[in-house]
Structure formats: C-alpha cells, structure tokens
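A.B. asks: Okay, here's what each chain looks like letter by letter:
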Amino acid sequence: MFAFVQEHWSDILSRGIEHAWLAGLPLLIGLLISLPMGWLARRAPWLRVVLVGGSSLLYTIPSLALFVLMPLVVKTSITAPINVIVAMTIYTIALLVRTVADALGAVSEETTQAAIAMGYTPLRRFFGVELPLAVPVISAGLRVAAVSNVAIVSVAALLGIRQLGFYLTDGYQTNYWAEVWTGVVACLVLALIFDVVIQLITTVLTPWQRGRAA
Amino acid sequence: MTMIRFEQVVKTYGGGEKAVDDLSFEAPTGKITVLVGPSGCGKTTSLRMINRMIEPTSGHIFIDDQDVQTANAAKLRRGIGYVIQHAGLFPNKRVVDNVATVPILLGTPKQQARQRAREVLELVGLPGDFADRWPSQLSGGQQQRVGVARALAADPPVMLMDEPFSAVDPVVREQLQDEFLRLQRDLGKTIVFVTHDIDEALKLGDQIVVMRVGGKLAQLADPAYLLAHPIDDFVAGFVGRDRGYRALTFTETPQLPLAAEPTVPLGTTPEQARAATRDEWLLVVQDERPAGWVQPGQIAAPIEPAMLHRGGTVARASGPLRSALDAALSSPSRRGVIVGDDGRLLGTVRAHQVLQAIEATERPPVDEADIAPERADLSADR
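Here the protein sequences come in this chain order: A and B. Its first residue numbered 1, the first sequence is counted upward by one per residue in the working numbering. Its first residue numbered 215, the second sequence is counted upward by one per residue in the working numbering.
One chain only, chain A, in its complex shape:
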C-alpha cells in the first residue's frame, strides 16, 4: 500500500481535492438552504410535517439512482460533477432541515421571549439570538452530514467522476488490494478533516460555551 501511495501521491491528492469539493460544497449549499427551511418548519405544525417529513424522505432515495436520474432533471451529461453536487445537496438538506428545526426549537423559551420583549424584529432575532444559540446542535448535525457525504460521493466513481471512490472500484476490478485500502484510508482521512474543521469553526462561533467550562 505504501508503494502505491508513494507512486500515485499526486493523483491521490488531486482526487482527494475533487472528493472534498464534491462532498463539501453541497454541505455548504445544503446548510444555507436548510436554515430558512428549518426556520419555516418552526412557524406552524403543518409546515413542520411537510418540510421535515418531506426532506427526510429524500434520504431514502438510493444514491446511485439519484446520480443516474439527476441528468434528466438538471439537463446535464451524466458525467458532469454538477449532478453529484446537486444530488449531495439534496442529501444534506434531507439530514439538516430536521436538525435546524430542532436546534432552533432547543433555544429556551425565556431567551426568545426576552428577545421579543427587548424589541427585536423577527429577522434580527433569528440572526442575533436564535441562530447563534442553535450553532452547537446544527454543528452536530453537520458533522453527521459531512461523514455521510464523503461516503456517498465515493459511489459516484461508478459514473466515472473523478474522486477517491475510483480506487475502490478500480482496485477491486484489478484485484489490487493496496489500491482498495488506499481509497478506504483516504476517505477516512477526508471525513476526519471535515469533522475537525467543523468542530474548529463551532468552537470559534460559540465562545460562550468555553466560558461555561471556565
């Protein structure tokens, strides 16, 4: 395996970057879409059923099917990375809408009431009080989504899109186990990097939680 890694170092790196891109960008877009959806889901019980229930169902679509069907929806060729980006965004939303709704719901009633009484407008209250306080819970959901994205993106290897999953399929077909293991370890390392980065950002965004420990 080390021989394989040494020999293909630059290829592994470039595929790793592609993989990170395909998993990470949808994470960001998915989060941005999930925030207003999660906020809306808190407005009325029926909205919650539609948005949380509906988005959760999306996660049950098999990834390969989604990759194959995506070109029919977004009118691109099957090997275009945009298919993967859109599909992964859908999976991210599926995981995060519920998380965002729950995270906003976990903000204490007292704090929300105090914010209203101080004269916050709903929008300012969301960005000034509710969203910052929801960060720890949203972050936990985001970490799950990140790991899930890294895993699912490797399936896209079957479509010939450049990423780390290629080592799994190629290694398996050529019975070259060092290559398979390289793919496995590379995916693992990438997932770990995502996890650490998310935790770091969370720590920066929630200084009051460190205050609690002190």
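Far from chain B, by Cβ distances over 12 Å, these chain A residues were calculated:
1. S77
2. I85
3. W181
Computed beta-carbon distance windows for the label pairs:
4. P242/B with V204/A: 42 to 52 Å
5. A285/B with P136/A: 28 to 38 Å
6. A80/A with G229/B: 57 to 67 Å
7. L123/A with E269/B: 13 to 23 Å
8. P252/B with V204/A: 43 to 53 Å
9. P323/B with D195/A: 39 to 49 Å
10. I193/A with E269/B: 48 to 58 Å
11. D447/B with A44/A: 37 to 47 Å
12. P136/A with D436/B: 42 to 52 Å
13. Q113/A with Y459/B: 31 to 41 Å
14. I82/A with E336/B: 56 to 66 Å
15. A44/A with P252/B: 29 to 39 Å
16. A285/B with G54/A: 37 to 47 Å
17. Q113/A with D278/B: 16 to 26 Å
Calculated from the structure, these hints are not laboratory results. All figures in this text were calculated on a predicted structure; none of them were measured in a lab. From the three backbone atoms N, C-alpha and C, an ideal C-beta is built for every residue, glycine too.
The hints should help you fit chain B onto chain A, whose structure is shown.
C.D. replies: Only chain B this time, still in chain A's reference frame:
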C-alpha cells in the same frame, strides 16, 4: 408624564375561558403599581398586553394617551424596559452586550452603547470586570441584576417586571428589593410589577392591584389601606394574617415618650457596671451607638462584645411603628432601644407606651364605595 391606563381590557383564550376580565386601572407616573394574585389570575397576561407580547381580545391600553395597539410592536417594546423571572439573558452575549441590547436596537453606535451599559451595570452593583463575563458565569442574583440593567439601559420611562426576584433565595431577594427601591427613588420610573407574593407587593408597591382567578380586579389600594380594609374575604385571605401588626409597617412613628437610659461603654468593669444601674439589665454603647444589653450581676470581667445579649432590635425614631413596637417586645429589659437617623441612642420606650401611640394614630379612612360596592352601584343607577 408617562401613565399607563387599562380600559375594560378583556383577554379570552380559545374555548371562551377568560384570562383577564374587564380590567380597568391606572398605573400613575413615577410610581410602582403591583399586580398581585394567585396563579391563574391573569396578572402576567395583563402585564404582557402592555408591550403587546399578548394582544387583548377587547378593550384598550394606553401609555401617555397613546393606544398601544396603534404602535409598531417592536418599536413600542424598545421604549419599555422588561425584566423577567429568570432574567432571560442571552447566553451567547457577554454581560455588557446583553445590557447594550436595546440601545443598539435603537441605533446607538456600539462603542457608545457599551459605554452606557457599563455605567448602568455600575448602577445595579456590578462594576468592572463583570461586564466582560458570560451570563453562565454569574450567580442567579447577579443575572437578575443584569436583567434589571438591561431593562434600564435605554432609560425607558416605563418598566414592566414579571416576578423578577422570585427565583433567587430569600436573602438575595430582600437585598435586590431594597436596592430596587433605592434605585427607583432616584429614577422615578413608571413601573408595573407582577408578583404572587403579597409581602413583596406590600413592600414594593405604591399601589396594589389585587386580582382574583378569572382575571377580575378584586381591589385597588395602597398597601396601608389594603391591610386596613380588605374589601372581601378573598382579599382578606390573600393579604393574610397579622394584618393589624403588618399595617404598622406603613405608619410613621409619632413622638414617643423616651426615657433616658443609663449606659456604659465597652470595657467597663463589673464593679462600674453594677454601680451604673439598679436594674437587672444595663445597656452597653459603643461610640454612642447601642451595642447590646448585659446583666451586671452576672459578669465577672470587663465587658467585651461576646458578652452582649443581642436579642433586642433597635428602632429609628423616624421609622415605622412596627419597628418601635418590635424594639420594645424584643428587648430583654422590656425597654425598647430608640436611635436617631445617625444611629446614636436617643432613649428607650416601653411596649405600653408604643401601644398608646398606636391607638392615637389614625387608620386610613374607609372609602365609602368599599363598604357596600353593590349598593353603591345601585344607588348610582337610581
């Protein structure tokens, strides 16, 4: 001038259950009006209708003759200080930024708002580095002080307070109440204060609105009147026992016939002490201030602080009659110690003399409408 006026305010929840029923009263400018009653009497609902956290089903609430219904809700709230039970501080903002919240919402530049926040924090007894802490690093009492500071930061003429001191322990509560009264003497805000604790209502209120379950006004009166003349069994029961004695809290002490009391300073020898009085008890002073009683017949060494009997309370001549009576009742010599405003001994007084003074005081005259309100209504109709 900032007065709050309720006019026939009704709040009905789904199912026709009335939380507030035809409530009319005025909260006068610069005074503390306390809404008090058992749980379910609609006092918090009434409070929250003032800043439109809850909308009335019918009726009107005016602040300065402006119907709050016609105001923009968020803007209205920025002009009204609000303090809640567990302070409700924003955990994600440092203390200084919690306090600066309303000034910033009003458009004050951040630097200036923080400067103001530090000033207000000092006012409520949280100086210096408290400003830079997180709310989770404060005790319950300190959080409540920050809550008060946050309500005061934009210097609103009106403050709404919803059981602000009920979640802290009794000692801290008393301290917060005293400081709050001191603060209010300087600031003169128009305050509506909600509590379920009648003693807190009597202590803080310039005017008390007693509400009964179902959201109806039971009685509106000042504390002395409420203790002297509760309008019916409900109010009498709610105000509680010992009303006659508690009413003395609100009666100023008239000129009492003070007797000169022989005293000795700390360090007096037993011989000197026995020579100073023929009575069983002798008052010991320190810098002309009463320190405690000793029994000259029982001591064998020069008087030191540990020997003093501390059971007797000390009353100020200008304080309420309740303190004067208590000083007499609690004194081991049966002679109540009376001091001037500077704490120096003026003399002693006996219980029967205080009682005589009490009997000579006037009780609040009964409002005719309170004796038979139904009758009064009928006669008005005729």
